[in-house]
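Undergrad: Start from the sequences and build out the full structure, keeping to the hints where you can.
Protein chains: 2
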Amino acid sequence: MALDKTWFSEPCAEFGSAFSLKIKEKLHDETSEYQRIEVYDTVYFGKLMVIDGYVMLTDKDNFIYHEMMSHPALYTHSNPEKVVIVGGGDCGTLQEVLRHENVKKAWQVEIDERVTRVAEEHFPDLCLANNDPRANFFFGDGIKWIEEAAEASIDVIIVDSTDPIGPAEGLFAVPFYRSCLKALKPNGIIVQQSESPLYHMEIIKGMYTAMREAGFSNMATLQFPQCVYPSGWWSATLAGKDSSVAQFRNFAAKNKPFQSKFYSEEMHQSALTLPPYVKEALEGM
Amino acid sequence: MALDKTWFSEPCAEFGSAFSLKIKEKLHDETSEYQRIEVYDTVYFGKLMVIDGYVMLTDKDNFIYHEMMSHPALYTHSNPEKVVIVGGGDCGTLQEVLRHENVKKAWQVEIDERVTRVAEEHFPDLCLANNDPRANFFFGDGIKWIEEAAEASIDVIIVDSTDPIGPAEGLFAVPFYRSCLKALKPNGIIVQQSESPLYHMEIIKGMYTAMREAGFSNMATLQFPQCVYPSGWWSATLAGKDSSVAQFRNFAAKNKPFQSKFYSEEMHQSALTLPPYVKEALEGM
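Chains A and B are the protein sequences, given in the same order.
At position 135 of the first sequence the residue is numbered 135 (my numbering), and the sequence of numbers has no breaks.
At position 126 of the second sequence the residue is numbered 126 (my numbering), and the sequence of numbers has no breaks.
To be clear, the hints were calculated from the coordinates, so they are not data collected in a lab.
Do not rely on the hints blindly, as some may be mistaken.
The list treats identical chains as interchangeable, and a pair is accepted whether it falls inside one copy or across any two copies.
Result set (DSS-like, lysine-lysine): computed pairs, CA atoms no more than 30 Å apart in a straight line [what the hints assert, rightly or not]:
#1 26 with 279
#2 205 with 256
#3 47 with 205
#4 82 with 24
#5 47 with 26
#6 205 with 144
#7 279 with 47
#8 185 with 105
#9 5 with 47
#10 5 with 26
#11 256 with 26
#12 205 with 182
#13 104 with 279
#14 24 with 256
#15 185 with 205
#16 185 with 144
#17 24 with 47
#18 279 with 261
#19 82 with 185
#20 144 with 5
TA: Shown next as structure tokens:
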């Protein structure tokens, strides 16, 4: 059957698939300095944020993404005190990061302040930690911010960006990874959303190559379901400045002092486990 | 944007989401005694089979489903010699089952012979084992077939059915599970597709309750990505007649004599690992 105008659809032209959500009403529509930001109310997924036609998040399932972008990296690093989120304007990743008691300072470096303001209005549950004294906000170019960061000053960099086309392209390239490496303390790590293991193995492989070229020596990919993103299956790739990212602080993860819906010590291990075809594609990289 | 007529869409009315695939052409359309069967050629997913408007499988991603419906169960049972697939008319699960050397006899009990004939024509890669001398086909009512099966005659029953509405409803109910229990040998197990962990926790919980009421005492749920099914995340639930289904023959799985793209010993363990919110929902069931 065809979907009428009561549906919002995001077609993934390259792979000939589309994901749609049935809409009650449009709540917000603006064109910021950088992009078009829309918010819809859906019948089952709660609110939906769309940027330039791409689904960013919904109330229903964002917990998976935000937990998996933060906790695995923070339990991989031995003592994550200073964490920088590049992108992540909806504040959901920041909130998860601030659940960690080790964290002394977290920066959210988002290019478009409007995304954060719209999130504060429409996704208040993601912004509950915005007034945490450890939270810091910078609105501007994340690539430049990392480039200018003091050498060896950051423990964990989380790249919570849109797809590697358009404004976010530079976040998947060697010069950015070089800046990250320089900005990270010894044993520092980076984690970056790395698209779908079903659709985008070439992007993931490209990231491995670029990270290695920039000087990272240890990579690992996490896979997890993400209903609203193309193929419904997503990944994040970790890279270590000079330490492995395939091991993590299991005991701390098992005894974490906060609740989570998707992440657990077991799920961390499980997410690091890759299907044979993915493992083969990344072998020796 | 709206999707035009060049897309096939499956809306999931209950949850207000839809998955769509861009179509090159329709290759087949018939109404069998039981249902409407369509086959499309898509731009990226290869061929697509649709039954009564619901996506059954595509060339691109069926390997995940078929591997996860067969190998975990067969490596959980200590010596699966006789395996019965209820449903599974596309023959993909049968093919995976027959990769196991232990299997002496496999039955595919599918209500609609036309599904199998259409699969043979349009999905020949799934039907490569149809002439295996161990393969047996019965076209007719699976519920009745299991009910009439000799007591304690089957090692593994795989319920590879459509959703628990319409013709498949009886496959999710206590009387069917009672027949399964009776037909299974000691240590026999059942595995059944159990819908989406994001959408259908109530169905999964209902299955646990019904299985327990029928006399099964051990259940475990596997979760895995499945792009073309609602929410892109799917599950299968195992139940043991009188033995645990949370352990499996790790050594055999690690040293399996055949290739697989998604299944591995590690992925089996990983699929058995459930997110906290799913674990909690099933706790004590």
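Undergrad: Which of the stated hints cannot be reconciled with the structure, identified by number in ascending sequence?
TA: 1, 4, 11, 13, 14 and 20
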